[in-house]
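These are the residues of each chain, in order.
Number of protein chains: 2
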Amino acid sequence: MGPNLPKFIDALKKALGPDEVITAREDLLCYSYDATPDLPRVVPVAVVTPSATAEVQEVVRLAGRYGVPVYPRGAGTNLSGGSIPTVPGLVLSTLKMNRILEVDPDNLLAVVQPGVVIDRLNETVAPHGLTYPPDPGTVATATIGGSVAECSGGLRGLKYGVTRDYVMGLEVVLADGRVARFGGRTVKNVTAYDLVRLFTGSEGTLGIITEATVRLIPAPAARKTLLAAFSTLTGAGDAVRLIVRSRVVPATLEIMDRVTIETVESYARAGLPVGAEAVLLIEVDGVPEAVEREAETVAGIVRRCGGELRTAADDHEREQLWAARRAALPALARVSPTTILEDATVPRSRLTDMLLALHGIAEEYDLTIGTFGHAGDGNLHPTILTDARDQEEMERVRLAVGAIFRAALSLGGTLTGEHGIGLAKKRFLPLEMGEEGVWVVRAIKRALDPRDLLNPGKLIPAAPAAGADGEVDPG
Amino acid sequence: MGPNLPKFIDALKKALGPDEVITAREDLLCYSYDATPDLPRVVPVAVVTPSATAEVQEVVRLAGRYGVPVYPRGAGTNLSGGSIPTVPGLVLSTLKMNRILEVDPDNLLAVVQPGVVIDRLNETVAPHGLTYPPDPGTVATATIGGSVAECSGGLRGLKYGVTRDYVMGLEVVLADGRVARFGGRTVKNVTAYDLVRLFTGSEGTLGIITEATVRLIPAPAARKTLLAAFSTLTGAGDAVRLIVRSRVVPATLEIMDRVTIETVESYARAGLPVGAEAVLLIEVDGVPEAVEREAETVAGIVRRCGGELRTAADDHEREQLWAARRAALPALARVSPTTILEDATVPRSRLTDMLLALHGIAEEYDLTIGTFGHAGDGNLHPTILTDARDQEEMERVRLAVGAIFRAALSLGGTLTGEHGIGLAKKRFLPLEMGEEGVWVVRAIKRALDPRDLLNPGKLIPAAPAAGADGEVDPG
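Residue numbers (this note's numbering), protein chains in the order written: chain A, 18 to 492; chain B, 18 to 492.
Isolated chain A (complex conformation) (with noise of 0.2 Å):
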């Protein structure tokens, strides 16, 4: 016997108010999706909207009472399942908690709920002359509770880090409805494990964050965008690894290939090379003499491997040129109904390596796969254009992204570099982490939420065994 559903639903709306409690079929049905393709979809018993840590405590300890699972979702942009139920529970959504609580330019941080838009943030520090550096394409809508939980990367990954990178201090509702605070306001705290970090890429499965404490930096002064067309992918990979080289390191180092540099430019006519083979897109910061001198050894680098060079005139160009990046994601959307997108990341010497591998998958399964991402990084996000209506291509396309992993593994690489491992990728986890680091996964798990009430069925592959849990065989 299941949980007794209308008694739990009464609860809580007696709880949160009436107006906190979403249960209508054709609202629940949105939230059986996030960003990630061809999942199963299972749709929420019911949504709740808490707008405040003690109202998230509550539904956890009513989810808890109920045994009914609890799916935390901040935006849905999540690229790898994170957000979406795996069997019949409840979403809770941080979206009504979007309050910026403090900005703090004497500790260069600032205190925020969960549901804060990160542009929102950056557009409330900028008047500081201060920033919040992680980054993802989605920034415009993305949260920070969504982006701390799968810790999002980003396009400034080469020089400003990832979201752990920023994340000072946290308050989370634990499985059991206490609520924990770890760290805080100093930048130096090293008081008992780094439960900060634990829980910032933890995808939900340990705790509902209910605030962040982030760390803010001084914005650069001055920057340079140059863009570097290439007809060779080796050419394009020798100038990443030049660069890294050169002790310059760059905001950003953004890598597409031939079928992107294509598709973007019939979507969005932003005067990129079509014909070439890659185009980098570097943009470098700071100081505007460093900038100057930066940008002249990127120069020089760019040359030398036999890329052709264009600078940024002014900022219209600049901004052209990076619309021109943000559209990849969506210009190979609109190409087919379906887009697999991955995120296989290898060490940064390994960039031609993995680019040449990914052409060799590609033409294996005989399938359209775009490549771009952040080069400076080895964060590559190959993406198979595809229709999920064709069940024979996408068995293909699933032996393909088995074959991506494999490729970036054996590489040196991971199975994610910023979009977690989520529903999509939890099969693959003991590829990379072996039997001993899933125990040390699921043993955390276990002792945190020993029920399994928080995003069940995420990260953590079912059964000991790779493969073992009903998906596909990776091996």
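Bear in mind the hints are in silico, worked out from the structure with no lab data behind them. Don't take every hint at face value.
Copies of the same chain are indistinguishable here, so a pair counts whether it falls within one copy or spans any two.
Said to hold, decoys possible - Only pairs whose alpha carbons sit at most 25 Å apart, straight line, appear in this in silico SDA-like list of lysine to any residue:
1) K113 with T40
2) K24 with L470
3) K113 with E282
4) K176 with P235
Start from chain A and add chain B according to the hints.
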């Protein structure tokens, strides 16, 4: 009945060879100490010095079989008792695992064994124009393994962060003797929980680090050191706050108070301004043009806050100033038989409040306290000059230490910025983390080391309630 120690030691000698097992009483005595004063001394039953991961596994398995606790140890520079035994057991020294396995300038990383001394890593990567930024005061002796286990800080935290920001991958031997590997060689990795950072700073309680992959950065091309003398603490505190606000991020921003200045000067004759209430020692680094500009900004702020300025004219003068700063602890230690060095850390903007609180505490408990530390991080090292043989004074010292922590916490700070909890501060843990936070810490420890074999008695208060572990009540 305790473990059968003679059989255990025989088994160790058989597994490792007799040269890697130390049992002579006079040798073992040294291992009942680290750099922390005023702690109970327990002599280990043996010390092993394995030279490979497989040997560490063998040791941990044997320890498990015989039920003997294992205390991992690097160079023993720990300042919170993290590396000394609490009950008779086995010390596992990593000093023979001291090979730099790889320097990879293409990926800006190095792979090292735990016994590598930090300075040696830096000497090895310097010819590549690279540097490993974390620099605890003891870089000349402290090991990578120990500093990762403690998540050491150092003088460059303000701009460059601390150890956790530079660990990309770890190999650890778990409590049951299995080997797990976390993270790797990619700059982005969000595969499952952030176990790299959970184990970094876990003080040897969750596993034994047998290999670390660490991030390197390009060494700064230029730097400039300034000394600023202030006639009031408030002036120095204001200058720190305004520098942080100014968008300049100095590599180091150190403070020494009057007691420290006078003691260092009489010890080292570095030309510090005796009579000043505080000095700030500031270094900016980066590309030459930026360094000049930032030094000017800092100088302007110092003057506005009433500080008197001296700039290091050349490398020799620069070295002299930094030698004076690094002499702070040894100089203070020379003045009195016992030196109680604390580590309370506050948000940067509360630095003046904390300095004034320390003055008040010194007065209230009639103690001499010299304070120096990393002002830019809000990370102060109040140092109580005392004599462990004077029971009455030591009682006042212990009360003062409690008062220091309560002051730091009430200013929004933390028990420890960089020295760890260890044995010395575990009774205070609930004051910072609350019952809920301590519960999470304990749950993780139990999940990963259910028999409490790895560095037992550290980091976690013995009983759920504060002050219930038989030590002085912190309240």
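Hint check results:
1. K113 with T40: This pair counts as within: shortest intra-copy Cα distance 17 Å, inter-copy 63 Å.
2. K24 with L470: Cα proximity of K24 and L470: one copy only (18 Å, versus 46 Å across).
3. K113 with E282: Result: close neither inside a copy nor across copies, 38 Å intra and 58 Å inter.
4. K176 with P235: So K176 and P235 pass the 25 Å test inside a copy (14 Å) and across (11 Å) alike.
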